[in-house]
Structures are given as C-alpha cells and as structure tokens.
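If you read the sequences in order, they're chains A and B. In this note's numbering, each number is its position in the first sequence, counted from 1, plus 117. In this note's numbering, each number is its position in the second sequence, counted from 1, plus 117.
No wet-lab data here; the hints were simulated from the structure. Owing to the predicted nature of the structure, the values given are computational and were not obtained by experimental measurement. Treat the hints loosely; a few may be bogus.
Note that identical chains are pooled: a pair holds if it fits in a single copy or bridges any two copies.
Below, a list of computed lysine-lysine pairs in the DSS-like style, where the Cα atoms sit at most 27 Å apart [as the list claims (entries may be wrong)]: (1) K275 with K191; (2) K125 with K172; (3) K258 with K152; (4) K275 with K129; (5) K152 with K170; (6) K152 with K125; (7) K152 with K129; (8) K152 with K191; (9) K258 with K275; (10) K191 with K129; (11) K129 with K172; (12) K275 with K152; (13) K172 with K138; (14) K152 with K138; (15) K138 with K125; (16) K170 with K191; (17) K125 with K258.
2 protein chains.
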Amino acid sequence: MSVEIERKFLVKSDHWRSLAKGTVYRQGYILTTNKTATVRVRIVGDHAYLTLKGKTAGLARSEFEYPIPIEDAKIILETLCDRPLIEKTRYRIPLNNVVWEVDEFSGENQGLILAEVELIHENQSLELPDWIGEEVSGDLKYYNVNLCQNPYQLWTTKN
Amino acid sequence: MSVEIERKFLVKSDHWRSLAKGTVYRQGYILTTNKTATVRVRIVGDHAYLTLKGKTAGLARSEFEYPIPIEDAKIILETLCDRPLIEKTRYRIPLNNVVWEVDEFSGENQGLILAEVELIHENQSLELPDWIGEEVSGDLKYYNVNLCQNPYQLWTTKN
Numbered sequence: 118m119s120v121e122i123e124r125k126f127l128v129k130s131d132h133w134r135s136l137a138k139g140t141v142y143r144q145g146y147i148l149t150t151n152k153t154a155t156v157r158v159r160i161v162g163d164h165a166y167l168t169l170k171g172k173t174a175g176l177a178r179s180e181f182e183y184p185i186p187i188e189d190a191k192i193i194l195e196t197l198c199d200r201p202l203i204e205k206t207r208y209r210i211p212l213n214n215v216v217w218e219v220d221e222f223s224g225e226n227q228g229l230i231l232a233e234v235e236l237i238h239e240n241q242s243l244e245l246p247d248w249i250g251e252e253v254s255g256d257l258k259y260y261n262v263n264l265c266q267n268p269y270q271l272w273t274t275k276n
Numbered sequence: 118m119s120v121e122i123e124r125k126f127l128v129k130s131d132h133w134r135s136l137a138k139g140t141v142y143r144q145g146y147i148l149t150t151n152k153t154a155t156v157r158v159r160i161v162g163d164h165a166y167l168t169l170k171g172k173t174a175g176l177a178r179s180e181f182e183y184p185i186p187i188e189d190a191k192i193i194l195e196t197l198c199d200r201p202l203i204e205k206t207r208y209r210i211p212l213n214n215v216v217w218e219v220d221e222f223s224g225e226n227q228g229l230i231l232a233e234v235e236l237i238h239e240n241q242s243l244e245l246p247d248w249i250g251e252e253v254s255g256d257l258k259y260y261n262v263n264l265c266q267n268p269y270q271l272w273t274t275k276n
C-alpha cells in the first residue's frame, strides 16, 4: 500500500504545452456501491495496472496498485468496466522539485484539462506556475471516477 | 484470463468429512453497481489474491486472478470491503477425475455447506457422490458475493 497526497488544479493558459510530451492513458472503473473504494484498470503504453483506492482523508488516499497483463486489461476494460471509459493524454512536467501532471481529457470529457501534483506530506509548500488556475482538490466532480459517471461534456456549468 | 465452469450443490450428509482436511478462507467483496463484475479479495493461508470475475453465462464465467501481498489484502479486507466478510473452511476432495470443494461457512453464514466442482467443459458428465444433495448452480443467493449481502443466517427459508 502507498498513500497518495495530491493537489489538483484547473489550468488557465497553454504555457505548459511546450514543456512536455504527452502519453495516452486509457482507463476504466468498476463502480462500487460504497463510497469508500475505487476499482480502476489503466493502460499506459505497453503497461497495465489494476488499482484499488481507499477513501480520501484530507488530501491523502490509500492506494493499492498491481501490474497486470495488458491483454487482461483490454478485456476487463471492454467487458467489466462501466461506461464511458476515461481517455486522456498526460504530460509530466518536472518543476521546482515536484512533478506536475497535466491531464488533457478526450472523448466524453473533451475540453477538460487538469493539473495534479503529488506531495510528500500534506503541508508541503508548493510554488504554482503561471499557467495554474483555480484549485479543485476537494471538488468531487473532478475525480476521474466521477468523470466516468458524469462526464465533462454533460456539465451545464463549465469552468 | 481464465474461464471458470462450475457446478454447485448442497450436501445431504456428513460423509465427506472424513475425506479431507480443511483450509480456512477469509474473503471480502467490494460490491459493484453493475451486475456484471465481481471484485474479491481472498486470503488462504499465507497467500492472498485479488480477483475480478465477469458475468456468468450458463455455467461459465471469466476470471482474472492476481496474487497480491498478504499485508495489502488484510488492509483491503479491513478498510475497503463490504460487510460481512465471508469466512469458510474449504475441503478439497479428489474423486473420479474431478476435485470437489466443500465449503463450510462460519460467521454470518454459519450453517451453510456448499459443494462445488470445476469442470473442463459445460457438458462434462459428472458422477455425484452419495453425500451430494440438490444442485443450486443457477441460484444466485448461493453466490459468495450474495452471501456477503444477504448472509445465510438471515434467510427465512433454509434448505
């Protein structure tokens, strides 16, 4: 198990685009009846992962991630995961001792761009690049699992 | 991925007890909103597994099983799985080219004993030992995931 401490922001300009090349992520969720657990299958390039995540407490969240055969992941995405799948291109941008991950969504979440940063501890100070906009760390609708249930394209109010 | 073809029966006598020693199984489910996928975490002795199962079609069901660290499994059972957990002792009984697995449940499913046999193909002939009772292969309430939601002790009509 690892514990993930994450802050999440909107972006307010395209200045991040020149800073990194993107990698395509394709992932799906098996939606759960309780609000505690998230079950995710993700394909990144030639690799695939099955991940369980626990409840968020503040910025922290327990995470259990296991590599699985990509052929399994394809079948699980196709036959077991809820729709829509989440498709996005992730740009990794190292800046000032942290790594920003900018996710540009496509498919039913096209138009949404989120920037996330993983921290060592919750009170870690963080220098915000000029392209970083409003913080949305606590806002449930930006969770990827919720973008599967209520994709961005269906939002009546968009930031 | 493997495909599991299974038949399930009640037992009608204790004649199976002298045929095998039991192993304790402790497992839990993260209940899903769709009826297609099952997410199970299981501890057997020193080993632990994370398993996804697909929808049952006839007697067959797709299964994706991955070994995980037992310490992870304990935390997942404790913090992410729905209640009650399933606790049972499994007796493996090889007979006439198949292996019968007799599950004697405890905890909130105490009193229930099920015998399962895994087959190579759906039409495989099967010799039934004298201690095998009614077949319950298609009966959803005997699925372990449903014994988590509606445990045997709460049933008003018991076989």
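Consistency of the hints with the structure:
Taking CA atoms no more than 27 Å apart as the test, K275 paired with K191 passes in neither setting, with 31 Å inside one copy and 41 Å between copies. In this assembly of identical chains, the alpha carbons of K125 and K172 lie at most 27 Å apart only when taken from the same copy (16 Å versus 36 Å across copies). Taking identical chains as interchangeable, the C-alpha atoms of K258 and K152 lie at most 27 Å apart whether they share a chain (14 Å) or sit on different chains (24 Å). With identical chains, the CA atoms of K275 and K129 are at most 27 Å apart within one copy only, with a shortest distance of 13 Å there and 62 Å across copies.
In this assembly of identical chains, the alpha carbons of K152 and K170 lie at most 27 Å apart whether taken from the same copy (11 Å) or from different copies (21 Å). Taking the closest pair of Cα atoms, K152 and K125 come within 27 Å of each other only inside a single copy of the chain (20 Å); across copies the shortest separation is 32 Å, beyond that limit. Taking CA atoms no more than 27 Å apart as the test, K152 paired with K129 passes in neither setting, with 31 Å inside one copy and 41 Å between copies. In this homomeric assembly, K152 and K191 come within 27 Å of each other (Cα to Cα) both inside a single copy, at 26 Å, and across copies, at 19 Å.
Taking CA atoms no more than 27 Å apart as the test, K258 paired with K275 passes inside one copy only; the shortest distance there is 11 Å, against 44 Å between copies. Neither within a single protomer nor between protomers do K191 and K129 lie at most 27 Å apart by alpha-carbon distance, with minima of 34 Å and 43 Å respectively. Taking the shortest alpha-carbon separations for K129 and K172, neither the intra-copy value of 29 Å nor the inter-copy value of 44 Å comes in at or below 27 Å. For the homomeric pair K275 and K152, the shortest alpha-carbon distance inside one copy (25 Å) is at most 27 Å, but the shortest distance between copies (32 Å) is not.
For the homomeric pair K172 and K138, neither the shortest alpha-carbon distance inside one copy (32 Å) nor that between copies (39 Å) is at most 27 Å. For a Cα distance limit of 27 Å, the shortest separation of K152 from K138 qualifies neither inside one copy, at 35 Å, nor across copies, at 39 Å. With identical chains, the CA atoms of K138 and K125 are at most 27 Å apart within one copy only, with a shortest distance of 20 Å there and 53 Å across copies. Proximity of K170 to K191 under the C-alpha cut-off of 27 Å is found in both arrangements, the shortest distances being 20 Å within a copy and 14 Å between copies.
For a Cα distance limit of 27 Å, the shortest separation of K125 from K258 inside one copy, 12 Å, qualifies, whereas the shortest one across copies, 43 Å, does not.
Comparing the model with each numbered hint stated earlier shows that hints 1, 7, 10, 11, 13, 14 do not hold.
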